[in-house]
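**Q** If you want the building blocks of each chain, they are given just below.
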Amino acid sequence: MTEFALETSTGITIIILFGVFWVAFGYWLGRKNRSHEDFALAGRNVGFAFAAATAMATWVTSNTTLVAPQLTYQFGIWGMIGYSFAALGLILFAPMAKRIKELLPNGYTSGDFVRLRYGNLAWLVFIIISVVYAFGWLISLGMAGGILLESLSGLDYHIGMTTILTICVGYTLFGGMRAVIATDFIQALIIIVGVSFIAYWLIDNVGLSSIHSNLTAEHPQLLDLLFPAAVMFLFNNIFFGLGEIFHSNVWWSRALSFKKNVAYKAYLTGGLLWLPIPIVTGFIALAAPQLGIFPPSPDMIGPTVAAAVLGKAGAIVVFIIIFSALASSLDSLLAATSDLVTQDIFHKRLKPKASDKTLMRFNRSCILGLGILTWLLCLPRIATLGALLNFAGAFVASTIWPILLGLYQRRLTGGYAAAAMAFGTLFGMLGYFAIGFYVAALTSCAVSGLICLVGIIRSDKKFDWNQLDEGEQVHAD
Amino acid sequence: MTIQKNCFNYRYILLVLCFLSVLPTTTLASPLKLSGPDSVVKEGYFTVSVSTTAAAELNRVTIEVASDSEFSENTKQFPALGDFKDISLTGFSNGSYYLRARAEDAKNQTYLSNTIEITVKHYPLWQALTLFFIGLVIFITLVATLLLLHRQWIHSKHHKHHD
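Line order of the protein sequences matches chains A and B. When the letters of the first sequence are read in order and numbered with the numbering used here, they come out as residues 1 to 477. When the letters of the second sequence are read in order and numbered with the numbering used here, they come out as residues 1 to 163.
It cannot be assumed that every hint is accurate.
[Said to hold, decoys possible] When the alpha-carbon atoms are kept at most 30 Å apart in a straight line, the in silico DSS-like pairs for lysine-lysine are as follows:
#, chain 1, residue 1, chain 2, residue 2
1, B, Lys85, A, Lys312
2, B, Lys85, B, Lys121
3, B, Lys157, A, Lys461
4, A, Lys348, A, Lys461
5, A, Lys260, B, Lys107
6, A, Lys259, A, Lys353
7, A, Lys260, B, Lys160
8, B, Lys33, B, Lys76
9, B, Lys107, B, Lys85
10, B, Lys85, B, Lys42
11, A, Lys265, B, Lys33
12, A, Lys259, B, Lys157
13, B, Lys42, A, Lys461
14, A, Lys265, B, Lys85
15, B, Lys121, B, Lys160
16, A, Lys462, B, Lys157
17, B, Lys160, A, Lys462
18, A, Lys259, B, Lys33
These are computed hints drawn from the structure, not numbers from a lab.
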């Protein structure tokens with residue numbers, strides 16, 4: 001029988017305690033929501049501390065805590081350094097967030113921007129990409145929750161996955177964006193303190209020099225800076241991260257919910273705070289050979305090493321950190337995706353005269369619906385986490401250039417933007433299947449960039465930025 | 001004559017017995033089976049799986065890796081985690097590696113699995129560096145475009161403000 005780091009009853013107790021706390025906190029925060037704008041964008045009044053914390057905590061996903069150690073175990077030094085470069089997404093989004101807040105003072109979503117800037121065809125391509133990505137991420141988070149609970153406490157995958165989804169849907173449903181940001185703040189503190197604690201304990205107990213000696217003697221490839229697969233993975237990972245952040249409504253809705261002049265500093269600080277986290281979580285994996293730990297699956301390496309070094313107390317810390325990381329991303333994604341559906345499809349396409357109350361009710365139904373759909377898709381464990389994420393890279397990297405140029409450049413038209421996203425995705429997928437995941441996001445970004453360049457050279461039209469401001473749109477009861 | 005014939009038979013039987021004792025009984029009777037990647041490994045990491053046909057549970061599964069099929073040179077041992085039967089190994093340089101699994105039953109009887117050969121051949125460095133530099137050029141172009149456009153916008157904003 002497998003020995004688990006935690007007893008199943010301990011795992012369940014932690015989950016119940018956290019679950020009750022988060023849902024009650026979400027309910028308490030939700031009482032302050034008076035309008036749909038309050039619910040979806042926290043009244044557009046989020047200050048710097050909460051803004052920076054939510055940017056950092058949302059970007060610390062299950063991938064940062066599970067996949068960063070996995071990549072370090074597989075690619076060595078480059079794995080953790082390369083993964084930490086995903087912080088560039090947040091850092092480069094900082095100036096764009098300032099521009100977004102200025103261009104769309106009354107905007108709600110990234111879909112809003114694409115529709116107004118590029119028209120319906122580009123909007124349609126963009127929504128397809130957004131939905132594929134959002135579901136890929138939602139499913140990977142739901143699955144990661146189930147896998148985490150199963151690998152650390154032996155709790156059945158389906159029960160663990162259902163519990164984590166129920167908790168996150170619960171507090172997002174009650175509290176909206178206000179609850180998402182407030183819980184993110186606490187979760188960010190837990191993640192920073194917990195990860196630092198594990199790294200300190202590991203260095204103190206195992207020692208840097210002994211880890212280095214062991215790797216030099218037994219696994220020199222992991223210290224090789226010219227490790228071919230790792231060198232190939234580097235920029236693909238960066239473009240994947242940039243695509244995720246530039247296009248996703250998770251980051252746009254935050255930029256729109258922050259107070260004026262906060263977005264730039266918040267994203268920059270969030271990015272700089274995030275930067276060392278994959279290095280710390282990744283470093284844990286380098287100690288595995290020294291400790292004689294060779295896991296059945298590489299994505300189990302982080303929690304396994306931490307639990308082995310720190311014992312039961314360590315397993316509890318790891319459990320809480322990863323649970324916080326999962327929850328902080330899952331709630332953000334649920335809120336941002338339901339905003340996208342409510343605003344871009346329901347409000348703009350189906351019911352333009354919908355009242356504030358109707359929008360709020362629809363938004364809540366959407367969160368619930370998304371939660372149920374994610375749960376259904378997570379039930380059969382349709383793919384591995386890595387496969388799900390790498391496939392999405394081909395989609396999101398195609399949006400990098402159209403979003404960047406759309407925000408600042410007036411000459412790129414909707415037809416070229418739509419073609420850039422569609423063909424970028426297509427060629428990215430071809431690269432994924434024909435060559436490997438190393439090239440999916442890179443190819444997608446390169447093809448999309450070339451089409452945008454042709455579009456700018458050939459276009460003689462200039463977009464009027466005033467078309468982006470739709471003014472106040474909500475109809476009072 | 002009769003005596004001679006008997007002696008001959010005795011030697012034969014002895015020979016057969018010796019042959020049977022030399023036979024790799026652990027391989028024939030071994031309930032362990034090791035399987036790994038069929039194709040050439042290009043990333044230096046792979047997962048091997050140990051399956052067992054025995055009704056009795058086998059413990060202390062360890063993978064032995066050597067650079068020769070006799071397991072006489074550079075043999076390294078990688079213990080499996082808990083009672084998991086899959087083991088993810090990493091950090092291998094170019095070369096051929098021979099792997100077999102070793103396990104024990106409740107009576108401390110040791111079993112060895114079949115031996116598999118895994119070839120590691122990393123991507124050529126020129127291929128990796130080509131992708132790296134393509135990525136680098138696109139990234140620098142992207143960052144330069146963003147900073148340039150953002151700077152232009154800030155300047156035009158200040159300019160309008162002063163007007």
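**Q** Each of the hints needs a verdict: does it hold here or not?
**A** Tested hints:
Of the supplied pair hints, the one linking Lys85(B) and Lys312(A) holds, its CA atoms being roughly 23 Å apart against a limit of 30 Å. Distance restraint check for Lys85(B) and Lys121(B): the Cα-Cα separation of roughly 25 Å lies within the 30 Å cut-off, and the hinted pair is therefore satisfied. For the given pair, Lys157(B) sits about 22 Å from Lys461(A) by alpha-carbon distance, which is consistent with the 30 Å threshold. Among the hinted pairs, Lys348(A) with Lys461(A) is consistent with the structure: their alpha-carbon atoms are about 26 Å apart, no more than 30 Å.
Between Lys260(A) and Lys107(B) the alpha-carbon distance is near 72 Å, which puts this suggested pair outside the 30 Å criterion. Straight-line distance between C-alpha atoms of Lys259(A) and Lys353(A) comes to about 27 Å, which keeps the hinted pair within the 30 Å bound. A C-alpha spacing of about 19 Å is found between Lys260(A) and Lys160(B), which places the hinted pair at or below 30 Å, so the restraint holds. Using a Cα cut-off of 30 Å, the hinted pair Lys33(B) and Lys76(B) holds, with the two alpha carbons roughly 19 Å apart.
Simply put, Lys107(B) and Lys85(B) have alpha-carbon atoms about 20 Å apart, close enough for the 30 Å limit, and the pair holds. This hinted pair checks out: Lys85(B) and Lys42(B) have alpha carbons roughly 23 Å apart, not beyond 30 Å. For the hint linking Lys265(A) to Lys33(B), the alpha-carbon distance of about 57 Å lies beyond 30 Å, and the restraint is violated. A distance of roughly 19 Å separates the Cα atoms of Lys259(A) and Lys157(B); the hinted pair therefore holds under the 30 Å criterion.
With a C-alpha separation of about 49 Å, the suggested pair Lys42(B) and Lys461(A) falls outside the 30 Å cut-off, and the hint is violated. For the given pair, Lys265(A) sits about 49 Å from Lys85(B) by alpha-carbon distance, which is inconsistent with the 30 Å threshold. With a C-alpha separation of about 60 Å, the suggested pair Lys121(B) and Lys160(B) falls outside the 30 Å cut-off, and the hint is violated. For a cut-off of 30 Å, the pair hint linking Lys462(A) to Lys157(B) stands: about 18 Å separates their Cα positions.
Note on Lys160(B) and Lys462(A): the hinted pairing holds, with a Cα-Cα distance of about 19 Å set against a maximum of 30 Å. The hinted pair formed by Lys259(A) and Lys33(B) fails the criterion: a straight-line CA distance of about 62 Å is larger than 30 Å.
Comparing the model with each earlier hint shows violations of hints 5, 11, 13, 14, 15 and 18; every other hint is respected.
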